[in-house]
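Take these sequences, add in the hints, and give me the full structure.
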Amino acid sequence: MGRLFGFLSVILGMAAGIYFCSRQAQVSSAAAGANNPKAAINITGVRTDLLTIAQAERGYFAMEGKYASLDELISSKSLSVTRQRPPYSYDVETSGSSFRVVATRSGQDDSGAPAQLTVDENMQFQTSQ
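So for the sequence shown, this note's numbering puts the first residue at 1465; every next one is plus one.
Hint data in this document are derived by calculation from the structure and do not stem from the laboratory. Careful, some of the hints might be misleading.
Derived DEER-like restraints, expressed as beta-carbon distance ranges [said to hold, decoys possible]:
#1 K1502 to G1529: 39 to 45 angstroms
#2 Q1548 to R1487: 28 to 34 angstroms
#3 V1474 to P1551: 41 to 47 angstroms
Remember, predicted model here, so these are calculated numbers, not experimental data. Even for Gly, the Cβ is constructed at its ideal location relative to N, Cα and C.
And the structure:
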C-alpha cells in the first residue's frame, strides 16, 4: 500500500510540474507578443539586436556628435549586428536630435509576432501589428 501511494504521488507531482511548465511557456510567449515559444525566442533576439543597435547609436553620437545610419554604424565598426534576423530586417531612421531603430517583419506570420518593433533614443520599445 505504501509503495502504491509513493508511486501515485510521484505521478501526480510530475503531472503538476508539466502543467506549470506549460503554463509558464504560454505566459512567456504572450508577454513577448507571440503565440508560440519559437516566435517568442525570435522576438527576444530581435529586441536584443534593437537594443544593441540603439546603444551603438548612442555611442556614435557621443563620439561624433550626430546619429548615424545603419551602414555608417557597421562601416565604422561601432556595430557587429547583422542587418537582419529572419523574418525581420533592421533599419535606422535619424534626425538631428533623435533616432529610431526599426525591425520590420517580411511576409505573413500566424504566430502573433508583431509586424514591426521599434526602439528610440530613450530606449522605449513600441510594437505594431
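Results of checking the hints against the structure:
1. K1502 to G1529: 39 to 45 angstroms: holds, 42 angstroms
2. Q1548 to R1487: 28 to 34 angstroms: Between Q1548 and R1487, where Cβ atoms are some 33 angstroms apart, the hint holds.
3. V1474 to P1551: 41 to 47 angstroms: Given range 41 to 47 angstroms: holds, Cβ gap about 43 angstroms.
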